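Visitor: Letter by letter, the chains look like this.
Number of protein chains: 2
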Amino acid sequence: MSENSLEALGEMRKTHFSKDLSPDLVGQEVIIGGWVTRTRKLGGLVFIVLQDKFSTVQVTAKKGVVSDEIFEKAKSVGNQWCLLIKGEVKAFKNGPHGVELVPLEICILNQAIEQLPLDMTGKAMSDLDTRLNNRSLDLRHPRNQAIFRIQSVMLNEIRKYLVKNNYTEIMTPKIIGSATEGGTELFPIKYFDKDAYLSQSAQLYKERLCSVYENVFEIAPCYRAEKSFTNRHLCEIYQLDMELAFADYKDVLVAMEGLVQSVLQAIKVQCEEDLKILDQWENFEVPQIPFPRYTYSEVLKIIDEKCGIKIEFGEDISTEAYRKLDEILPGYYFITKWPMSVKPFYIHFDPENPELSDGFDLQKGWLELSSGGTRVHEKELLIKNLEKQGLNPDAFKSHLQAFDYGMPPHAGMGFGIARWLQIITGVDQIKECVFYPRTPDRLDP
Amino acid sequence: MSENSLEALGEMRKTHFSKDLSPDLVGQEVIIGGWVTRTRKLGGLVFIVLQDKFSTVQVTAKKGVVSDEIFEKAKSVGNQWCLLIKGEVKAFKNGPHGVELVPLEICILNQAIEQLPLDMTGKAMSDLDTRLNNRSLDLRHPRNQAIFRIQSVMLNEIRKYLVKNNYTEIMTPKIIGSATEGGTELFPIKYFDKDAYLSQSAQLYKERLCSVYENVFEIAPCYRAEKSFTNRHLCEIYQLDMELAFADYKDVLVAMEGLVQSVLQAIKVQCEEDLKILDQWENFEVPQIPFPRYTYSEVLKIIDEKCGIKIEFGEDISTEAYRKLDEILPGYYFITKWPMSVKPFYIHFDPENPELSDGFDLQKGWLELSSGGTRVHEKELLIKNLEKQGLNPDAFKSHLQAFDYGMPPHAGMGFGIARWLQIITGVDQIKECVFYPRTPDRLDP
Numbered sequence: 004m005s006e007n008s009l010e011a012l013g014e015m016r017k018t019h020f021s022k023d024l025s026p027d028l029v030g031q032e033v034i035i036g037g038w039v040t041r042t043r044k045l046g047g048l049v050f051i052v053l054q055d056k057f058s059t060v061q062v063t064a065k066k067g068v069v070s071d072e073i074f075e076k077a078k079s080v081g082n083q084w085c086l087l088i089k090g091e092v093k094a095f096k097n098g099p100h101g102v103e104l105v106p107l108e109i110c111i112l113n114q115a116i117e118q119l120p121l122d123m124t125g126k127a128m129s130d131l132d133t134r135l136n137n138r139s140l141d142l143r144h145p146r147n148q149a150i151f152r153i154q155s156v157m158l159n160e161i162r163k164y165l166v167k168n169n170y171t172e173i174m175t176p177k178i179i180g181s182a183t184e185g186g187t188e189l190f191p192i193k194y195f196d197k198d199a200y201l202s203q204s205a206q207l208y209k210e211r212l213c214s215v216y217e218n219v220f221e222i223a224p225c226y227r228a229e230k231s232f233t234n235r236h237l238c239e240i241y242q243l244d245m246e247l248a249f250a251d252y253k254d255v256l257v258a259m260e261g262l263v264q265s266v267l268q269a270i271k272v273q274c275e276e277d278l279k280i281l282d283q284w285e286n287f288e289v290p291q292i293p294f295p296r297y298t299y300s301e302v303l304k305i306i307d308e309k310c311g312i313k314i315e316f317g318e319d320i321s322t323e324a325y326r327k328l329d330e331i332l333p334g335y336y337f338i339t340k341w342p343m344s345v346k347p348f349y350i351h352f353d354p355e356n357p358e359l360s361d362g363f364d365l366q367k368g369w370l371e372l373s374s375g376g377t378r379v380h381e382k383e384l385l386i387k388n389l390e391k392q393g394l395n396p397d398a399f400k401s402h403l404q405a406f407d408y409g410m411p412p413h414a415g416m417g418f419g420i421a422r423w424l425q426i427i428t429g430v431d432q433i434k435e436c437v438f439y440p441r442t443p444d445r446l447d448p
Numbered sequence: 004m005s006e007n008s009l010e011a012l013g014e015m016r017k018t019h020f021s022k023d024l025s026p027d028l029v030g031q032e033v034i035i036g037g038w039v040t041r042t043r044k045l046g047g048l049v050f051i052v053l054q055d056k057f058s059t060v061q062v063t064a065k066k067g068v069v070s071d072e073i074f075e076k077a078k079s080v081g082n083q084w085c086l087l088i089k090g091e092v093k094a095f096k097n098g099p100h101g102v103e104l105v106p107l108e109i110c111i112l113n114q115a116i117e118q119l120p121l122d123m124t125g126k127a128m129s130d131l132d133t134r135l136n137n138r139s140l141d142l143r144h145p146r147n148q149a150i151f152r153i154q155s156v157m158l159n160e161i162r163k164y165l166v167k168n169n170y171t172e173i174m175t176p177k178i179i180g181s182a183t184e185g186g187t188e189l190f191p192i193k194y195f196d197k198d199a200y201l202s203q204s205a206q207l208y209k210e211r212l213c214s215v216y217e218n219v220f221e222i223a224p225c226y227r228a229e230k231s232f233t234n235r236h237l238c239e240i241y242q243l244d245m246e247l248a249f250a251d252y253k254d255v256l257v258a259m260e261g262l263v264q265s266v267l268q269a270i271k272v273q274c275e276e277d278l279k280i281l282d283q284w285e286n287f288e289v290p291q292i293p294f295p296r297y298t299y300s301e302v303l304k305i306i307d308e309k310c311g312i313k314i315e316f317g318e319d320i321s322t323e324a325y326r327k328l329d330e331i332l333p334g335y336y337f338i339t340k341w342p343m344s345v346k347p348f349y350i351h352f353d354p355e356n357p358e359l360s361d362g363f364d365l366q367k368g369w370l371e372l373s374s375g376g377t378r379v380h381e382k383e384l385l386i387k388n389l390e391k392q393g394l395n396p397d398a399f400k401s402h403l404q405a406f407d408y409g410m411p412p413h414a415g416m417g418f419g420i421a422r423w424l425q426i427i428t429g430v431d432q433i434k435e436c437v438f439y440p441r442t443p444d445r446l447d448p
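Quick note, the sequences are listed as chains U and Y, same order. With this note's numbering applied, the first sequence closes on residue 448, and no number is skipped along the way. With this note's numbering applied, the second sequence closes on residue 448, and no number is skipped along the way.
Hints may be right or wrong, so weigh each one.
Given that identical chains are not distinguished, each listed pair holds provided it fits within a single copy or across any two copies.
Claimed, not checked - With a straight-line cut-off of 27 Å between C-alpha atoms, the simulated DSS-like cross-links for lysine-lysine are:
no.: 1; residue 1: K89; residue 2: K400
no.: 2; residue 1: K78; residue 2: K382
no.: 3; residue 1: K89; residue 2: K271
no.: 4; residue 1: K22; residue 2: K304
no.: 5; residue 1: K193; residue 2: K230
no.: 6; residue 1: K89; residue 2: K382
no.: 7; residue 1: K17; residue 2: K382
no.: 8; residue 1: K279; residue 2: K89
no.: 9; residue 1: K163; residue 2: K22
no.: 10; residue 1: K93; residue 2: K304
no.: 11; residue 1: K197; residue 2: K230
no.: 12; residue 1: K167; residue 2: K279
no.: 13; residue 1: K197; residue 2: K17
no.: 14; residue 1: K89; residue 2: K65
no.: 15; residue 1: K382; residue 2: K126
no.: 16; residue 1: K22; residue 2: K96
no.: 17; residue 1: K163; residue 2: K271
no.: 18; residue 1: K271; residue 2: K167
no.: 19; residue 1: K327; residue 2: K400
no.: 20; residue 1: K167; residue 2: K400
no.: 21; residue 1: K89; residue 2: K253
no.: 22; residue 1: K167; residue 2: K17
By construction, these hints were calculated from the structure, which means they are not laboratory data. Treat the numbers as computed from the prediction; the structure is a model and nothing was measured.
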């Protein structure tokens, strides 16, 4: 591959994306651009399938129909080369979008190495580690393009829903000065001459900010230094954080099921092709609201009676139990009224039974999508909770300060973006739902 | 302050925000909630000004008109207490929104300490350090609420513009494995047993991703370990990053001026009250497009001839020179064709003059808002540039890999969110445009 043979972009620009082509344009000249996913060369005929950010188009160069120069150029291109092609749209029933392009001009903007590290042509994917090691190429696979096109719609629709409902967008610091919530799962940073940490959640800051802007949200990274090697844990995760003022956990349940339903509805409308690529279209369902609500105790009973697994009150629910429960509750549902003993210090007790909490989980089948609850807004109670959990209130000085100025009753939740994307796209590994995932053994690329 | 006297939220919920009140509602019962910003007690009359996330409302309790219990409760409240008030709307020409509320029920949700560390009543602000030390209270000042209401609109409108124009939202890792772009300005992290760093920009990842998703964007934090103590530098900054495929820097200029204009237009429509609070309404201008474009050499000439400052070709433009230039060019404008010698390795040379670059800055008056340019898409040239700048191509192995698979010609830019907010809101210190700023000497709260 030599750069001497590359052509300059100059003033040539795309006029259409592949998805915009249709038989309505027959006879017109268009300029499309993208990457070669397949070529076929049959004597006097060359077919090039060109892929762009949305889809593909077929380019057909027939000797005698196109100039000899164009024909030879078409013959020369290799897989994943980057081209701009000016062509005339012809009707072609079996081509993508019902058309093909007869090339009038081919501009070779960049070439690719001949021995690609991944198979980009078939439905079968290479093994995940090889794919992640070659992520820039891997992402160009139609399946991966589809996953993140869906994510882009998801993010946009989440924000649309929240802005429409008067939420204010916040940005909380990701560098924190003290290991407040317990230090073992934090990544340490050297901040000039001070010790600092990467924030593991927006929790404390979003609570403070809801005492100013009432309902707030943020979509931002969180950091967990956990040596977990499951298919659903990462060290860098993007999370939707919401916090509602003048509200309790029941308001959060309503906000969340509304959000989940409206985002899934939008994905259904905007991402049909992507869901088809991922084999998720036929079974794609927009859930009814309200979602079923089960208390923790009710769930224990179901697990006991229908799954044959005994869990003592106060224990967490095991992955094994969730997997079995999935057969009975495969959809979206809430688990409420967890025992106080398994909840963090900022979760409020149930006013009707102080052994129980006003914390909840949102489940989709066996997978926990989100945790949340009513928060403690009373300063003295918060200090008591900190002490009960062996944490030092002095370390929380600047957080506790916010409770001196009329902290409203509030409630909220955190929601893992990649986990939800994993469910929607039906992929097995959460690593496939992040552009460049970070795990205990993966820091590159 | 005793928590025993706090009342529970129970099932009581706000029916209106202050901004939704108007004389149309006279005679109706509403429930509003927020924080006491001022009280006046005149014998048989108590006035409470209650602030919520948008604005304020006046509550008037007159002995004899309201029950004795309500009157005593109204008399008892202090500044920054958190209340829900059910009341009847009365016309009151001089009140906010042309109404006042006669309280039927007052629910004291939380109290505040009596000696507040900041003056929250007047137009004068306490000194910035004291304010930042008490940020949760400081943010509740109407001026600060206004700044971040504008930011919320800004962020939403940026994304609306980009999504409408087919940009895909990306999320790039903030933990990176090697100090690629030069190590001195990076914060080091301990990543399990490995050394890692906080990412100082999305540059390399967004370039790779535009070879898959073409036009992409991200709004996310970047980290700069610079000991700068100016009014426009921070260690944690949120940046809008855009990258356009099949494009050069001229396409980015057009995209940016379109974005700037459309966001400012939306702010003008949606944020009139906020701009008035900040004294920015009268002079608020939505700029015409196209923005003026000056080459670096043209700017040097203006600075020489009109400002009397000589800058040698190849030198950076000093803050002093920019300040003087501001008197001649106070609006939005571009500086193009910077010398290659001051540009990073990924910026492309000007094909017509290899001493010049296809890099640009977007200026608003003296302040640099954004930098960008045409990028190098040819692998061999990129390696040559790295070597010329004394960087080791081996350290860029996983980045260079992306150039093996048909990297398209591309161009892009990075845009500081807080700097732009600083300009729009007219505040002097960038720290005021971030919820919880991080500077070399500020890691808390």
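Visitor: Work down the list of hints and note, for each, if the structure agrees.
Guide: We went through each hint and held it up to the structure:
Neither within a single protomer nor between protomers do K89 and K400 lie at most 27 Å apart by alpha-carbon distance, with minima of 65 Å and 34 Å respectively. In this assembly of identical chains, K78 and K382 lie within 27 Å of each other by CA distance solely across copies; the values are 24 Å between and 74 Å within a copy. In this homomeric assembly, K89 and K271 never come within 27 Å of each other (Cα to Cα): the closest approach is 33 Å inside a single copy and 42 Å across copies. In this assembly of identical chains, the alpha carbons of K22 and K304 never lie at most 27 Å apart, being 51 Å within a copy and 48 Å across copies at closest.
Proximity of K193 and K230 under a CA criterion of 27 Å is satisfied in both settings, with 21 Å inside one chain copy and 14 Å between copies. Within a single copy, K89 and K382 get their C-alpha atoms only as close as 68 Å, which misses the 27 Å cut-off; across copies the closest is 25 Å, which meets it. In this assembly of identical chains, the alpha carbons of K17 and K382 lie at most 27 Å apart only when taken from different copies (23 Å versus 60 Å within one copy). Taking identical chains as interchangeable, the C-alpha atoms of K279 and K89 are never at most 27 Å apart, the minima being 29 Å within one chain and 52 Å between chains.
Taking the closest pair of Cα atoms, K163 and K22 come within 27 Å of each other both inside a single copy (25 Å) and across two copies (21 Å). Taking the shortest Cα distances, K93 and K304 never come within 27 Å of each other, neither inside one copy (64 Å) nor across copies (54 Å). Taking the shortest Cα distances, K197 and K230 sit within 27 Å of each other both inside one copy (26 Å) and across copies (13 Å). In this assembly of identical chains, K167 and K279 lie within 27 Å of each other by CA distance solely across copies; the values are 23 Å between and 30 Å within a copy.
Taking the shortest Cα distances, K197 and K17 never come within 27 Å of each other, neither inside one copy (51 Å) nor across copies (44 Å). Taking CA atoms no more than 27 Å apart as the test, K89 paired with K65 passes inside one copy only; the shortest distance there is 15 Å, against 78 Å between copies. Taking the closest pair of Cα atoms, K382 and K126 never come within 27 Å of each other, the shortest separation being 57 Å inside a single copy and 30 Å across copies. When the C-alpha separation of K22 and K96 is checked against a cutoff of 27 Å, the pair qualifies only within one copy, where the shortest distance is 15 Å, while the shortest distance between copies is 57 Å.
In this assembly of identical chains, K163 and K271 lie within 27 Å of each other by CA distance both inside one copy and across copies; the values are 16 Å within and 20 Å between. For a Cα distance limit of 27 Å, the shortest separation of K271 from K167 qualifies both inside one copy, at 20 Å, and across copies, at 19 Å. Taking the shortest Cα distances, K327 and K400 never come within 27 Å of each other, neither inside one copy (44 Å) nor across copies (45 Å). With identical chains, the CA atoms of K167 and K400 are never at most 27 Å apart, being 35 Å at best within one copy and 45 Å at best between copies.
For the homomeric pair K89 and K253, the shortest alpha-carbon distance between copies (21 Å) is at most 27 Å, but the shortest distance inside one copy (57 Å) is not. Taking the closest pair of Cα atoms, K167 and K17 come within 27 Å of each other only across two copies (17 Å); inside a single copy the shortest separation is 35 Å, beyond that limit.
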